[in-house]
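Enquirer: Remember, our numbering sits 12 above the position in the sequence shown when you count from 1.
Simulated from the structure, these hints should not be mistaken for laboratory data.
C-beta: ideal position from N, C-alpha, C; glycine also.
Take these hints with a grain of salt, some might be off.
Computed spacing ranges between beta-carbons, pair by pair [to be verified]:
hint	residue 1	residue 2	range
1	Ala149	Val185	45 to 53 Å
2	Asp82	Ile177	35 to 43 Å
3	Phe154	Gly123	37 to 45 Å
4	Val163	Arg97	40 to 48 Å
5	Phe154	Arg97	28 to 36 Å
6	Pro122	Arg58	30 to 38 Å
The list that follows gives simulated cross-link-like pairs (lysine to aspartate or glutamate, EDC-like), each with its CA atoms no further than 20 Å apart [claimed, not checked]:
hint	residue 1	residue 2
7	Lys73	Asp134
8	Lys87	Glu61
9	Lys73	Asp133
10	Lys87	Asp134
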Amino acid sequence: MKVGHYTLIAGAGLFITGLVVLIVYALPIAQQIQVETSVLQDYQIRPREVAVIPLLVNTTKPLSIVISSDPQDVKLNAVMVDPDRNDGVESRVNSTFTGNLAVGAEPSIPGYYNLTITNIDDSPTSINVIYGHLPGAQKDGFNTDVYSGVVAGVGIVIAGIMAMIIGVVMLVVRR
13 MKVGHYTLIA GAGLFITGLV VLIVYALPIA QQIQVETSVL QDYQIRPREV
63 AVIPLLVNTT KPLSIVISSD PQDVKLNAVM VDPDRNDGVE SRVNSTFTGN
113 LAVGAEPSIP GYYNLTITNI DDSPTSINVI YGHLPGAQKD GFNTDVYSGV
163 VAGVGIVIAG IMAMIIGVVM LVVRR
């Protein structure tokens with residue numbers, strides 16, 4: 013066997029190892045997002061129409077709200093209401109905005125929280141919303157360590173692909 017063959021085999025081994033690492037670390041994150049987060053994708057809101065998203069919340073983790081709209085110039089209002097019907101939990105989620113909104117909130121009581129998004133413009137819009145407990149979200153920022161295994165897996169996959177390309181080049185050049 014030539015050196016190119018060994019390089020191809022090593023690259024394939026790296027690629028498979030990277031996929032395994034990626035899956036092992038990404039699955040728990042995906043499961044947490046699936047269970048603790050509501051996602052609305054390409055939801056159409058006509059002028060003066062409202063979208064309400066309920067979410068069962070516990071008080072152990074902060075809430076994250078990410079909203080984007082297309083077209084970006086349509087004026088929207090987002091209000092989160094806690095189970096006691098108080099709006100603007102921690103006075104942070106009662107916003108009028110255009111384009112994008114990304115905010116966090118500290119829930120004070122467990123129960124169903126409603127996120128209400130209102131199109132207060134005269135034009136229709138399409139919104140994408142992520143609302144809930146995101147992995148890595150903390151009171152004072154974001155803990156990227158949660159994603160370190162995913163990043164390592166992607167890096168190993170890329171290294172495996174590069175090694176396989178180098179192996180193919182070595183085989184072609186040394187023919």
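Enquirer: Now tell me if each hint is right for this structure.
Expert: Okay, the hints, checked on the actual structure:
1. Restraint check, alanine 149 to valine 185: a C-beta distance of roughly 49 Å satisfies the suggested window 45 to 53 Å.
2. Between aspartate 82 and isoleucine 177 the CB atoms are about 37 Å apart, so this pair conforms to the stated range of 35 to 43 Å.
3. Between phenylalanine 154 and glycine 123 the beta carbons are some 25 Å apart, a value that contradicts the proposed interval 37 to 45 Å.
4. Between valine 163 and arginine 97 the Cβ separation comes to about 41 Å, which falls inside the hinted range of 40 to 48 Å.
5. The hinted window of 28 to 36 Å between phenylalanine 154 and arginine 97 holds, with their beta carbons roughly 30 Å apart.
6. The given range of 30 to 38 Å is respected by proline 122 and arginine 58, whose C-beta atoms sit roughly 34 Å from each other.
7. Straight-line distance between C-alpha atoms of lysine 73 and aspartate 134 comes to about 37 Å, which puts the hinted pair past the 20 Å bound.
8. For a cut-off of 20 Å, the pair hint linking lysine 87 to glutamate 61 stands: about 12 Å separates their Cα positions.
9. The hinted pair formed by lysine 73 and aspartate 133 fails the criterion: a straight-line CA distance of about 33 Å is larger than 20 Å.
10. Under the criterion of a C-alpha separation no larger than 20 Å, the hint pairing lysine 87 with aspartate 134 is consistent with the structure, at around 9 Å.
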